[in-house]
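Peer 1: Using the sequences and the hints given, assemble the complete structure.
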Amino acid sequence: MSAQQQFLIQGVHYPLGQLLKRFLQPRDAGGLAINDRWFGIRRERDCFTGQHFVDWLIEEFAIPGREEALKVAQSLVDHEVLHAITSPTPHNFEDNDQCYRLQAQEKTGALNTMQIWKQKADPPMIITARLAQMLAEAVALFRDEEGKVDYAALHESDAFRDFQLATCELQAVDFKNMAPDMRKAFCFNIYNILVVHAYGEVGVPKSILGFYNQIRYQIQGQQYSCDDIENGVLRANRKPVVALGPLFGPRDPRLACVMPEVDQRLHFALNCGASSCPAVKYYTAENVDDELTLAAQGFCEQDGNVLVDEDKRILYLSKIFAWYSIDFGSNDLEIANSVLQYLRGSRREQLQQLLNSGSFQIKSLPYDWSNDANTSPPRRLSMKLL
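FYI, in UniProt numbering the residues of the sequence shown are 1 to 386.
Worth flagging that the hints you see were computed from the coordinates, not collected in a lab. On a predicted model such as this, the values are computed, not experimentally measured, just so you know. Check each hint, because a few of them may be wrong.
Within a straight-line C-alpha distance of at most 35 Å, the following computed DSBU-like cross-link-like pairs (lysine-lysine) qualify [what the hints assert, rightly or not]:
(1) 206 to 120
(2) 71 to 281
(3) 281 to 319
(4) 118 to 107
(5) 319 to 363
(6) 21 to 319
(7) 21 to 107
(8) 363 to 176
(9) 176 to 312
(10) 176 to 107
(11) 206 to 281
(12) 319 to 206
(13) 312 to 239
(14) 118 to 281
(15) 120 to 107
(16) 239 to 281
(17) 206 to 107
(18) 206 to 148
(19) 107 to 71
(20) 239 to 319
(21) 120 to 281
(22) 281 to 21
(23) 118 to 71
So the derived label-pair ranges between C-beta atoms look like this [to be verified]:
(24) 27 to 140: 30 to 36 Å
(25) 6 to 177: 28 to 34 Å
(26) 274 to 236: 22 to 28 Å
A virtual CB, placed ideally from N, CA and C, is assigned to each residue, including glycine.
Peer 2: Shown next, in the form of structure tokens:
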């Protein structure tokens, strides 16, 4: 397991997560004095001076002098925990009025850049398994008896901060050279993790418009939103539901990571946070084909997703089948046969009888967009605010 970076201060090893908690706590509780500063007509957000940082280190950790505090500050610069904004010598920490910013507060547009990952990454599926477990354990701490989550409290928790730091390892994953089954399983897991991560970090959306193309992870030097993962990679760069064309243009380096073909079962593996979405499961590279079939069967055998009315000769389907109809067939019969392969027993017989006995209609069932949020941290839906 990849451990957090540790920093030695006054004989004590502090994990990065603990340091960030102390840096970012309110000023009246002992945190850094982090403010916006103007340099001519340019405003730099969330920064502090080198002199203030040294003063703060001395006071907060009882460091005996400025020389020792400077060593700590330089170590943090060396490990890119903080960056110089205005210094002409950015790699040398200066005990003066030069300004610095924490990497955790850099506006990168991605949710997994609280630290710069410099180590070799573990195998991709080990990383996703670890992240899924860490996130599930963190969320469980704030889930009530009715299944609702206090995302505002999650946002402030140590467990969630540790998870946020752990997601930074995704920066070093070799996405381009993954085998297709591994890439498929990796994407399912990362998509589902990213949605809940975003709820805890940038807030639960009041509207889904724009949300899934704004929340992103940085992987192998490129940024991937939920829309990029679903429509760019998994759907082999097919046009999204609401778009004029494919997400990845002809010169987009992410084209190297698209799947060779569309597996329609992907729609039973992705959970965007809505109540009507498929259940969240963990997928493995070795067994992803069988796992997808089970997910498809589980989804299609629920009345809220697939329902046959023999008297009215109507096949009611989840709106997923309408939104992504091209992935299931070019007409109603092909779509119905796609559904048929995931049904068993009496449900399969019922649909087969409908298909064998003449014409029928397909209509969409209501889609429940409600989620499991009881509270939300402050909402920051524009990635410019990340």
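Peer 1: Taking 35 Å as the top limit, are the C-alpha atoms of residue 239 and residue 281 close enough?
Peer 2: Since the Cα atoms of residue 239 and residue 281 sit roughly 26 Å apart, the hinted pair holds (cutoff 35 Å).
Peer 1: Below or equal to 35 Å on CA atoms is what counts here, so check residue 21 against residue 319.
Peer 2: violated, 43 Å
Peer 1: Decide if the proposed pair is consistent with the structure: residue 281 and residue 319, CA atoms, cutoff 35 Å inclusive.
Peer 2: holds, 21 Å
Peer 1: Are the Cα atoms of residue 118 and residue 281 separated by 35 Å or less?
Peer 2: holds, 30 Å
Peer 1: For the hint 22 to 28 Å, verify it against the beta carbon of residue 274 and that of residue 236.
Peer 2: At roughly 24 Å between Cβ atoms, residue 236 and residue 274 fall inside 22 to 28 Å, so the hint holds.
Peer 1: For the pair we were handed, residue 319 and residue 363, check the Cα-Cα distance against 35 Å.
Peer 2: The hint holds at about 9 Å.
Peer 1: Starting from residue 21, check that the Cα of residue 107 is at most 35 Å away, please.
Peer 2: With a Cα-Cα distance of about 19 Å, the restraint between residue 21 and residue 107 holds, given a limit of 35 Å.
Peer 1: Below or equal to 35 Å on CA atoms is what counts here, so check residue 312 against residue 239.
Peer 2: holds, 34 Å
Peer 1: Straight-line Cα separation of residue 176 and residue 107 no greater than 35 Å?
Peer 2: Satisfied, since the Cα-Cα distance of roughly 25 Å is no more than 35 Å.
Peer 1: Taken at face value, is the distance from the CA of residue 120 to the CA of residue 206 at most 35 Å?
Peer 2: violated, 38 Å
Peer 1: For the pair we were handed, residue 118 and residue 107, check the Cα-Cα distance against 35 Å.
Peer 2: holds, 19 Å
Peer 1: Please work out if residue 239 and residue 319 have their alpha carbons no farther apart than 35 Å.
Peer 2: With a Cα-Cα distance of about 17 Å, the restraint between residue 239 and residue 319 holds, given a limit of 35 Å.
Hint violations for this structure: numbers 1, 2, 6, 8, 9, all remaining hints satisfied.
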